[in-house]
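Make a model of the complete structure from these sequences and hints.
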Amino acid sequence: MFTESLGKDAVTIRSSQLPRTIQELAARAIGRATASVLRLHRISVFVGLLFAALASPARAEIELPVASPQSSIHVRADGGRRWKQGEYDVWHLQGNCEIRQDQVVGRATEAVLWVDRASPHSGQPTKAIVYLDGEVTVEHGGGSSTGGDATNGASLTGRTWLGRFYTLRSLDFDVPLAGGEPAAKPAAFDRGMDARTQQYAESHRTVGLGVQPAQFTTEEIETPTGSTLSLGSHNIILRGRSSVRPQLKFFPNPNNAGESIGVVSSGVNILIQGIQTQSLGDLGTIDIETDRAVIWTSTPKAFNFGGGDPQTDVPVEIYLEGNIVFRQGDRVIYADRMYYDVTRENGVVLESEVLTPVPNYEGLLRLKADVLQMVSRQQFVAFGAAATSSRIGVPRYWVQSQQVTLEDQPTPQIDPITGAVAVDPVTGEPAVRHNYLATSRNNFVYLGGLPVLYWPTLATDLERPSFYINDISGGSDNIFGTQARIDFDLFQVLGIRDVSPGTDWSLSTDYLSDRGFGLGTEFVYAGEGLLQFPGPYHGLLDAWGIKDTGLDTLGADRRDLIPEEEWRGRVRFQHRHDLPNGFQFTAEAGLISDRDFLEQYFEREWDQYKDQNTGIQLKQYLGSQAWSITADVRVNDFFTQTEWLPRLDHTALGYSFLADYLTFNAHTHVGYANMKTASTPTQPANQAKFNPLPYEADREGLHAATRQEIDLPVNLGPIKIVPYALGEAFYVGEDLNGDDLTRLYGQVGIRTNLPFWTVYPTVQSTLLNLNGLAHKIALTS
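All residue numbers for the sequence shown refer to the working numbering, where the first residue is 106 and numbers rise by one.
Hints listed in this document are in silico derivations from the structure and should not be mistaken for laboratory results. It cannot be assumed that every hint is accurate.
Said to hold, decoys possible - So the derived label-pair ranges between C-beta atoms look like this:
#: 1; residue 1: G728; residue 2: E671; range: 35 to 43 Å
#: 2; residue 1: S578; residue 2: L469; range: 23 to 31 Å
#: 3; residue 1: D576; residue 2: G728; range: 40 to 48 Å
All C-beta atoms, glycine included, are put in the ideal place defined by N, C-alpha and C.
Encoded structure:
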């Protein structure tokens with residue numbers, strides 16, 4: 106890629122997929138675009154035209170289309186052997202060999218297969234490189250052809266054939282095995298390896314006019330369903346790439362009366378305007394620059410210098426060669442050779458480089474590839490690929506992969522004021538937001554040209570431009586010693602695709618020289634609708650642990666404390682779901698190994714966060730009222746907490762009546778309470794500070810209380826006077842003495858409030874971010 110370093114399958118890809126001549130690339134591209142025999146006729150015309158344009162003879166042959174990867178592959182033979190070669194399973198088959206996938210069937214007297222099985226649930230195809238030797242027949246479509254007039258099928262016959270099959274389903278063998286790897290490799294195996302090696306070498310040569318093309322199978326990837334593309338009333342403009350006027354010649358296709366083929370030389374700039382999709386509307390202009398081009402169209406008059414007459418839904422296919430620059434929206438592709446079907450928005454690009462924007466990143470994602478397949482406008486598949494955010498020629502860092510799939514899920518940006526699609530102020534094109542999902546296999550991270558990290562499968566949302574690692578930090582102090590902390594993105598590490606928006610999963614690996622090695626994970630999530638229950642929800646799960654080999658330091662008077670537990674850690678879980686009709690469900694859990702762990706390792710949580718309880722609550726908001734039912738249990742015996750099994754609450758706040766003269770507030774609860782006090786510390790320093798409050802004792806029983814208050818707010822000028830009356834009834838099943846207790850309480854009084862304020866608009870400070878100052882005081886009683 107950025108340097109010459111190829112993955113295990115790069116040789117096969119480059120040998121069996123990279124066409125060796127201009128003619129062969131166009132033939133393959135057209136063959137992939139459609140299965141009709143008219144495409145086969147088209148290639149012969151294109152070759153003749155290209156000969157005329159280049160004024161030199163050459164010949165090309167047409168490969169058979171491959172089957173859909175949704176079909177299984179079935180292999181049978183009279184006998185065979187099986188062994189390993191690197192990461193490939195090698196099969197040597199003899200006698201009545203047959204490889205069948207859907208309507209594609211290959212037969213020979215001898216065959217060699219190199220099988221690369223995909224990992225389960227990876228979403229990647231299983232691949233088989235197939236070399237057929239002796240009386241070879243390869244059929245497609247259930248028929249055969251002896252000329253160019255086949256309508257239902259075609260076949261190739263010969264002595265040898267090398268190609269590729271792949272499937273997203275099963276690869277089945279019906280072959281009696283005669284043994285494993287032989288001491289001496291069969292002659293067919295050597296010929297197959299020679300064929301692969303020769304094709305790889307030839308694919309690196311400069312393309313010449315006298316190169317003998319071969320018949321190799323190329324990879325077919327099923328096009329996903331997406332936006333329907335309509336060229337609409339489009340306009341095509343041809344301009345010179347430089348001051349030299351391009352040469353354009355159109356010839357009728359003798360095998361298709363309604364189609365013409367054009368050849369452009371001397372450099373050309375092709376602008377295609379007016380492309381529409383159902384989901385995105387007008388996509389603006391496709392801007393293509395190239396040295397040479399071949400065009401298939403049914404309306405040659407649409408291709409005039411300066412622009413032709415607007416056309417409607419006219420299919421256009423283009424083969425490009427030489428210093429290609431392809432722009433569509435805010436994406437740019439640089440390439441040497443390229444086929445592009447404008448109507449279907451798919452094609453094949455060789456030796457390509459893509460520059461495309463990534464949300465939340467000030468720059469462009471740079472992707473280079475030996476072979477880039479444009480499956481659709483929203484999906485790319487790259488073989489022998491490398492990606493980086495660096496724009497220098499040979500970057501200092503990049504990720505290199507055997508195969509990369511990049512899916513772009515674009516959505517139009519809406520102007521919040523007008524409600525219409527926003528327009529990019531720079532390009533004048535409709536503004537589009539891109540949601541990228543990338544999946545890659547056999548990945549290496551390079552720093553300074555050297556591989557420093559390998560991972561088999563990687564999947565990521567490119568909104569966060571990072572590779573595997575979310576954060577790296579370090580430090581040193583007298584408590585933990587030398588510290589090195591690395592947080593990994595577990596979605597990327599585990600190759601998990603289709604991550605729900607709002608979710609984040611990280612793995613924490615922490616080295617503390619004075620304490621040990623810590624390991625933890627944090628999963629943060631948010632979404633809409635959970636387990637058939639509608640409404641937004643959010644939550645987190647945070648767990649971290651360590652085998653502690655050090656001593657705690659918790660203050661000037663609490664130094665060198667031996668931890669109560671050797672294995673220390675915590676688990677914190679919080680979840681909240683807002684349900685319809687004002688309901689809210691909350692669940693939380695807080696499990697901690699010992700009393701000093703949080704204060705030592707997570708001091709900020711210890712000082713500022715709420716107590717880590719374990720329980721659930723269902724609550725409903727009803728205007729100015731709310732009710733809830735709660736259940737809490739204590740799981741950490743070194744903390745004093747009250748268990749509620751369960752507790753019912755009702756609250757009324759600011760409820761007005763009597764023409765809003767009176768305001769009513771109330772809170773009522775009833776439940777079964779079980780108060781549990783903290784256990785006694787084992788450390789002398791902690792024992793010295795362990796002083797339970799007088800009312801802390803292990804008690805349980807019914808606990809009920811209600812407090813009611815009525816207010817009469819009156820405004821007397823700037824003074825607010827609130828006469829009030831309140832009463833409370835309280836019952837507890839077991840007090841400090843072990844008896845039940847009932848208490849009644851009442852109170853009447855007046856509350857007053859007198860506010861003072863003044864404004865200083867001339868007080869300004871850039872340092873303090875001040876633009877005026879207001880001073881307020883309130884006197885209350």
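Status of the hints after comparison with the structure:
The given range of 35 to 43 Å is broken by G728 and E671, whose C-beta atoms sit roughly 53 Å from each other. Between S578 and L469 the CB atoms are about 28 Å apart, so this pair conforms to the stated range of 23 to 31 Å. Checked against the given bound of 40 to 48 Å, the beta carbons of D576 and G728, roughly 44 Å apart, stay inside it.
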